[in-house]
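K.L.:
Sequence:
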Amino acid sequence: AKLREEMKQAGFGEVAENTVELAYRISDIQAYRDKAFSSLHLISKEAFERGLERMEKDLQAGPIQCLSRYLLLWGAKEAI
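Under the numbering used here, think of the first position of the sequence shown as 631, with each following residue one higher.
Any given hint could turn out to be false.
[Unchecked claim] Once the Cα atoms are required to be at most 20 Å apart in a straight line, the calculated SDA-like pairs of lysine to any residue come out as:
id : residue 1 : residue 2
1  : LYS665    : ILE694
2  : LYS687    : GLU676
3  : LYS665    : ARG684
4  : LYS707    : LEU633
5  : LYS675    : ASP664
6  : LYS665    : TYR654
7  : LYS638    : LYS707
8  : LYS675    : MET685
9  : LYS707    : ALA646
10 : LYS687    : GLN660
11 : LYS687    : ILE659
12 : LYS638    : LEU702
13 : LYS638    : ALA706
14 : LYS632    : PHE642
15 : LYS707    : PHE642
16 : LYS638    : GLY705
Hints listed in this document are in silico derivations from the structure and should not be mistaken for laboratory results.
Work out the full structure, taking the sequences as your base and the hints as a guide.
P.N.:
Shown next, in the form of structure tokens:
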């Protein structure tokens, strides 16, 4: 709601939203070990280690099924 309001204050009219989902599988967790995703730097070392251990265990049963969800906000400004 806050971002929608800020878009209106910036001059965007008719702000619309769209939800997008992307299903994928993880079969290699090296990027997680390397903390390639910025959000991994925000959690404690202990939580990070627990997560890696869980991913390693889950991978023993096969690729990890994942679903990413995104909320897209669309707006347009009138031409001046």
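K.L.:
It remains to establish, for every hint, whether it holds in the given structure.
P.N.:
Status of the hints after comparison with the structure:
1. LYS665 - ILE694: Satisfied, since the Cα-Cα distance of roughly 18 Å is no more than 20 Å.
2. LYS687 - GLU676: Holds. LYS687 to GLU676 sits at ~17 Å (cutoff 20 Å).
3. LYS665 - ARG684: holds, 16 Å
4. LYS707 - LEU633: Roughly 16 Å between the alpha carbons, so the hint for LYS707 and LEU633 holds.
5. LYS675 - ASP664: At roughly 13 Å apart (the allowed maximum being 20 Å), ASP664 and LYS675 satisfy the hint.
6. LYS665 - TYR654: holds, 19 Å
7. LYS638 - LYS707: holds, 9 Å
8. LYS675 - MET685: Roughly 15 Å separates the two Cα atoms, so the pair holds.
9. LYS707 - ALA646: holds, 13 Å
10. LYS687 - GLN660: Within the cut-off at roughly 14 Å; holds.
11. LYS687 - ILE659: Measuring from Cα to Cα gives roughly 11 Å; hence the hint holds.
12. LYS638 - LEU702: holds, 15 Å
13. LYS638 - ALA706: It holds: about 10 Å lies between the C-alpha atoms, which stays within 20 Å.
14. LYS632 - PHE642: It holds: about 14 Å lies between the C-alpha atoms, which stays within 20 Å.
15. LYS707 - PHE642: Roughly 5 Å between the alpha carbons, so the hint for LYS707 and PHE642 holds.
16. LYS638 - GLY705: holds, 9 Å
Consistency note: the structure conflicts with none of the earlier hints.
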